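K.L.:
The listed protein sequences derive, respectively, from chains X and F.
Using the numbering used here, you'd call the opening residue of the first sequence number 1 and step up by one each time.
Using the numbering used here, you'd call the opening residue of the second sequence number 1 and step up by one each time.
Simulated from the structure, these hints should not be mistaken for lab results.
Since the structure is predicted, the reported quantities are computational estimates derived from the model, not experimental observations.
Honestly, I wouldn't trust all of these hints.
One copy or two, it doesn't matter: identical chains are merged, so the pair holds either way.
Claimed, not checked - 30 Å max Cα-Cα, derived DSS-like pairs, lysine-lysine:
#1 Lys216 with Lys103
#2 Lys113 with Lys212
#3 Lys321 with Lys212
#4 Lys103 with Lys113
#5 Lys321 with Lys216
Number of protein chains: 2
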Amino acid sequence: MAVTATSVADTCAAAKRAARVLARASTATKDAALGATARLLEEREAEILDANAADLADERAAGLSEALRDRLALDAGRVAAMAAGVRAVAALEDPVGEELERKTLASGLDLQKVRVPLGVIAVVYEARPNVTVDCAALTIKSGNAIVLRGSSYAERSNAALAAVVREALAEAGLPQDAVALLAGGGREGLAELATQEGLVDLLIPRGGEGLKAALKDVATVPVMYAAAGNCHVYVHAEADPEMARRIALNAKTQRPGVCNAAETLLVDAAIAERFLPAALGDLRGAGVELVGDERVRALAGGAEVGAAEAEDWDSEFLALKMAVAVVDSIEGAVEHVNRHGTGHSEAIVTTSEEAAEEFAAGVDAAAVYVNASTRFTDGFEYGMGAEIGNSTQKLHARGPIGMRELTTFKYVARGNGQIRE
Amino acid sequence: MAVTATSVADTCAAAKRAARVLARASTATKDAALGATARLLEEREAEILDANAADLADERAAGLSEALRDRLALDAGRVAAMAAGVRAVAALEDPVGEELERKTLASGLDLQKVRVPLGVIAVVYEARPNVTVDCAALTIKSGNAIVLRGSSYAERSNAALAAVVREALAEAGLPQDAVALLAGGGREGLAELATQEGLVDLLIPRGGEGLKAALKDVATVPVMYAAAGNCHVYVHAEADPEMARRIALNAKTQRPGVCNAAETLLVDAAIAERFLPAALGDLRGAGVELVGDERVRALAGGAEVGAAEAEDWDSEFLALKMAVAVVDSIEGAVEHVNRHGTGHSEAIVTTSEEAAEEFAAGVDAAAVYVNASTRFTDGFEYGMGAEIGNSTQKLHARGPIGMRELTTFKYVARGNGQIRE
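Only chain X is shown next, with the shape it has when bound in the complex:
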């Protein structure tokens, strides 16, 4: 398949028509399309890897960092993982048609609140070609159409993968326009996509702050901004120090470049002297650059800790760097998190149930962890099969955006001639 040559508006209009068919497709039909997708991914492995090799050899990929090249690269294992992911989505419950509520109103109307697909989902993403398949699988199963806009340097890989999904849709008797891939088109193309009011029901940007800022300026369609994560680990006075060390280390270092990695470590004054030297030693040992407030620096033991600047408390480092502060109480920790956090993922380590509940209730975030790493905020970990993004907004959906988050509802009221008096 060539990257869609028609205009953005035409592509979105075709997706809207397809969405009306997908919305009413049976679970069996949608699962058949997903099954065919998984099978075709395996059958077309060679073609897909050829397309990917061409992308990697292209001059557009020459300037990429090693990390980005790795994210772009496919191999047999990654293709197999995509197929397995599609089968996992097929195995999940179909959210469409779920009756959310039913009651008889005073007027005698039988009021049903039923889950329906949103319609057309647009996803703007970078680098990883597997996003093409993951997102298409989630939208197909949830009865939506999808308009994908990947990176130009992944163009051939994305096209090969979208072609597989479109062939699978046709095999299942579903409209191919339910999965469309747009050519990049630069900032202008992005603006065109973000202003398709009435055609695009939700736009999900998966990318950095530059992409989000560009969208905030122009978007008129609903946008769900994927989260920036300034996440905290708070070590309470009654924490198990060994557990706290493991959690802080994991939250910071297991994958520092992602949004649910921790950026700040808050340590209760009552445990600071006992906890800090070893914990900071762990972090330094893992190559983490540390900055701290005065109390932290005084209690650092042998660990090297720079002086924290005011902006460090508001920074999503996305790197092996961590800010560390001592707080005087759980109230102080909650206040620090609510002032500096981005509402993503926050953790407390404590053996006190009371402290855990106070932190969980007081912190305003999508996810709060008690005695666990912040790294678990993820659609796959949450049993959603996959995620199309992650939200720190409060409206509609918070946290991982899975199939259910790609739906809305409709009221259907059945009567026998009711009129309003």
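Given chain X's structure and the hints, the job is docking chain F onto it.
P.N.:
The following block gives chain F in isolation, referenced to the frame of chain X:
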């Protein structure tokens, strides 16, 4: 109480602090505040009516239409109705703390998804002072704070009512800043309120298209646009003609100035000859100006029907005017509704269950009625006690915005040291 003299930002910041207390207030405490509000409304009736009389006598109210003066005017009955409304909200179930989901993840984490308040709700409204009390009651019970911005010509009435609610909050031991009333401040004040990112969690405009357009230009906080309603009644081939006449007449004329009133009547070709003369006669008899397509005009019998212009199909008349078209099939009706409708409320009249289900599934709207008037889309009719607005957006909430729609959720994951491998 004087209208809040502090800045918009200060008022919103104080509301945010109060919201954190409200979020954790018990149901009993919130109900005590609502009970006190109802009691104080009754006790302060004379004061409230004096303030309202001063508003009505003010030169700012001199230019108002008779309809707007009527909406502004209070009397003993309207004050009593407000008190009854507050007691009705108190009697509803508290949405906060509801466990929406709970499961044990593969990692062993105990994941709970729990309903929490949104935080600070801002409401911009016109004329009717009872909105002050209705909205405050809904936000208090749902654990939110509210920042109200009413019309300048209702300033004294709104201030008297807000003072009652604030006194009731204090009586229940809750922070008064949970209910704040802003002075108008014109377009500049509106823009200031609409850009309080991090303080205002949701802004709900209750007003005309001018207000919405003004907000779309400036708002950076989440806005839920109250609906424009271009609603349809479709009379299916197998409709009971008498029922269809009653429903069409009610949907158009029972209260033509509201968003759930019908603007267009669609009549299936198979029933048009039998149905149209009498139905159009009813509407003309009720003073409705009719415009129609050629087939309608040919079958109108004695009723006067003008020629419909293209824009009539997209118009929310909000008046005793209706556009009428003949459609060839249920598919044609669904297509017309999806092309011209605003996703608010749509009705089909039919004795065929199959046709009803096809229409309900095919129409993309917040509410679909089978054999009932579109006029039922309303928080009170839906058993939500009241509504703070009505949404035709698909994200977060569709249809009446009640207490539950003023909440979001939070994931709380409890572990015993889980880290991500």
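K.L.:
All hints are to be evaluated individually against the structure, with a verdict given for each.
P.N.:
Okay, the hints, checked on the actual structure:
When the C-alpha separation of lysine 216 and lysine 103 is checked against a cutoff of 30 Å, the pair qualifies neither within a copy, at 40 Å, nor between copies, at 36 Å. For the homomeric pair lysine 113 and lysine 212, the shortest alpha-carbon distance between copies (27 Å) is at most 30 Å, but the shortest distance inside one copy (33 Å) is not. In this assembly of identical chains, lysine 321 and lysine 212 lie within 30 Å of each other by CA distance solely inside one copy; the values are 24 Å within and 44 Å between copies. Taking the shortest Cα distances, lysine 103 and lysine 113 sit within 30 Å of each other both inside one copy (9 Å) and across copies (24 Å).
In the homo-oligomer, the alpha carbons of lysine 321 and lysine 216 lie at most 30 Å apart inside one protomer (29 Å), although the nearest pairing across protomers, at 39 Å, exceeds that limit.
Hint violations for this structure: number 1 only, all remaining hints satisfied.
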